[in-house]
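Okay, here's what each chain looks like letter by letter:
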Amino acid sequence: MITLTVDGKQVQVPEGTMLLEACQLAGADIPTLCYDPDLKRVGSCRMCVVEVEGRPGLVASCVTPVANGMIVHTESPRVVEARKVILELLLARHKLECHTCEKNGNCLLQDYCYRYGVTTSRFSGEMPKFTKEDPNPFIERDYDKCIMCTRCVRACEQITGAKAISVAYRGHHAKIATAFDGNLADSTCAFCGQCLMVCPVGALTSKLSKGKGRAYEVEKVRTICPYCGTGCTIELNVKDNKVVGVTSVRDEELSPVNKGALCVKGRFGWDFINSPERLTTPLIKENGEFREASWDEALDYIAEKLKAIKSEYGPDAIAVFSSARATNEENYLIQKMARAAIGTNNIDHCARL
Amino acid sequence: MAQEMRILLKHADQINPESAEDYIRVGGYKGLEKARGMDPRAVIEEVKRSGLRGRGGAGFNTGLKWSFVPQDIEPKFVICNLDEGEPGTYKDRIIVEKNAQAVLEGMAICGHAIGSKKGYIYCRGEYPHLVQLLNKAIASAKACGVLGDFDIEVRMGAGAYVCGDETALIESIEGHRGNPRFKPPFPGVAGLWGKPTVVNNVETFACLPYILVNGADWFAGIGAPNYPGTKILTLTGDVVNRTYVEVPTNVTLREVIYELGGGIRGGKKLKAVQVGGTSGAFISPEYLDTQIDFDSMASISATLGSGAIFAIDETRDIVEIVTRISRFFEHESCGQCTPCREGTFRTREIMERISSGKGSIQDLKNLELLGKVMKDTSLCGLGQAAPVPILTTLKNFGHEYKRKLI
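Chains as they are written, first to last, in the working numbering: chain A, 1 to 353; chain B, 1 to 406.
Fair warning: there could be bad hints in the mix.
Claimed, not checked - Listed below are the simulated DSBU-like cross-link pairs for lysine-lysine, each with C-alpha atoms no more than 35 Å apart in a straight line:
#1 A:Lys132 x A:Lys175
#2 A:Lys103 x B:Lys183
#3 A:Lys242 x A:Lys95
#4 B:Lys195 x A:Lys259
#5 B:Lys375 x A:Lys129
#6 B:Lys30 x B:Lys10
#7 B:Lys402 x A:Lys84
#8 B:Lys375 x B:Lys183
#9 A:Lys212 x A:Lys95
#10 A:Lys40 x B:Lys195
#11 A:Lys129 x A:Lys212
#12 B:Lys372 x A:Lys40
#13 B:Lys372 x A:Lys175
#14 A:Lys175 x B:Lys375
#15 A:Lys175 x A:Lys265
#16 A:Lys103 x A:Lys210
#17 B:Lys365 x A:Lys129
#18 A:Lys84 x B:Lys358
#19 A:Lys163 x B:Lys118
#20 A:Lys103 x A:Lys220
#21 A:Lys40 x A:Lys265
#22 B:Lys375 x A:Lys84
#23 A:Lys175 x B:Lys183
#24 B:Lys195 x A:Lys175
#25 B:Lys48 x B:Lys375
#26 B:Lys358 x A:Lys132
#27 A:Lys175 x A:Lys84
#28 A:Lys9 x B:Lys372
#29 A:Lys40 x A:Lys210
#30 A:Lys163 x A:Lys239
#31 B:Lys142 x B:Lys117
As the list claims (entries may be wrong) - Example chain A residues on the side facing chain B (calculated, C-beta under 8 Å, incomplete):
#32 Arg46
#33 Val49
#34 Gly57
#35 Leu58
#36 Ile86
#37 Leu90
#38 Arg93
#39 Gly125
#40 Met148
Just so you know, the hints here were simulated from the structure itself, not pulled from any lab data.
By construction, the Cβ of each residue, glycine as well, lies at the ideal position given by its N, Cα and C atoms.
Use the sequences and the hints to build the structure in full.
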């Protein structure tokens, strides 16, 4: 075990622990932008810098291993000054339109500027002009708000494995881009939106939820994605009794199957819920026209027809085709019904959505 | 009168640097032979005892660096840093052009000491002729059988200054974007492809054969005791002799500029000297009697760095020079960490504002604050050193900034 002192408080942590975790254990609230517990650390945003006595510069706590006898200051004047300057540098490249930004109220840059009283930047000058329309139905890319934390790049590689985006160009001109700086649709992007999930600012947002309600306006209802049998945990964002978006639950306890990761359907395929075209009652076709029916009537009608076909042509005249949108248990039941009740092995499945 | 002391460059232009035979004729590969007759740990001890410190700029004890390499992990790698991108520095090019075989021998000595069979030379993209030269030199050494089972491969950079940082260099060899890694882990423990790797500068490797042949005590007795040996300096700017010299490390800046450098052109007065390359400190003439060794330079808040000596005369506009330097760093920042990516861009903006007569006193304050934070928080040496020319000129030549303000 390693013993160190954080803001006057002694803590013991196992060897190999990073300072960030040790400081958190000691109760310190360290601001981070590029750090994400599910992604490989890069130590690049430098927001988490702390002062370690005897070290010449400030150290990035997320990538600095603890050492015995370290005396650490997490909010010393030197640390606060550095964090303020870093925030001002980020602010100077960030298109400030919080009043219309989807991430207003749910933005780390905003939170930290509030925390450290950074209202304007002393380093304002030329702004980046990265923004261009990305023609896709799902992901809004506004890199004039990007702070280059590269969480999206790492999520794409390390969670989804798509490797659709990376850092292109250098220095202040560096930006997140697909290969050859093109559109997402022409890349290996699967539109899973894991990049949206990890983006700490308003650079990546959902086109489908745009203007429909911000994080603090919606009620979050935790549920299971209805799309396939995997059973991913999702969070329906509900405003005025309407679903206006889907977000992830990253807590492993609450989202044991997917830990926040979703696919394009789970994250973006929710607009059917409030669609006027959605079927809400069974329909029976009579004389070439559909008419509404009750469930009892519809089920009786189906059972009667199945029985008639079976008695006239035998059970193998019937085939049952199930859906990937049903759960494993439901799929088990339908095959059981096919085999035991109808008496046929003609059972199949659409395999995937 | 200060004199050159040529060890690495003793046979410059007298031997063909591509030819192992030529090099052997003047005593080459004796150091490697001697090292291979020794226990690897004894070689490390010998290098440690010689006091040799890294010639790339950081000045870390070479033997000590090698001693951190774990013995039980295979494979291990030796990398020679020939990504000489520091403006005003060309000593590694000179060493390769004059004495390439000594570099190969030094790498093989290191390979024996740390238990590595594979070396890479990472050559600056702007030195394509050296790639050819080195490949021929390696072929010649292999043909003579002197390298034994130690293999050396030349890899070429693509013109990024930041790849002079050992971890960015490693990323580049691995085929990635040349972004520096955070440390620890240091390359000695987890370097190329995650394996233990020693990265040393060309000049460091070239010293090794002579240390092995003549002994640690001989080397430790040359120049300044804390940074012994010779150092190859490259003189640029307003000196009469814009050339390179190999000198013992206890010569003073005055001797370098006024004796070996022949003084300032046109009989003008010296205004400032920048030591160690573009990221070095600007020193005012009052410190000219300081020795060039690493610790003496550090004592006046300067760095010996790569050994570039850039002298400017009294007629030069120091703000304009620093503005040009700030453009260089803006261009060379990899863009990974916030303080360097944004800081080099904003310092360039502010410097241009001041230089064009549009700056304010607030700009000077902002510049100083930004420089301090960049130094304190940047991920790698580039961002940490980029503000040094600004901070040192603000301190030593502040009046030149102030007279340009509105």
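Numbers of the earlier hints that this structure fails to satisfy, in rising order: none
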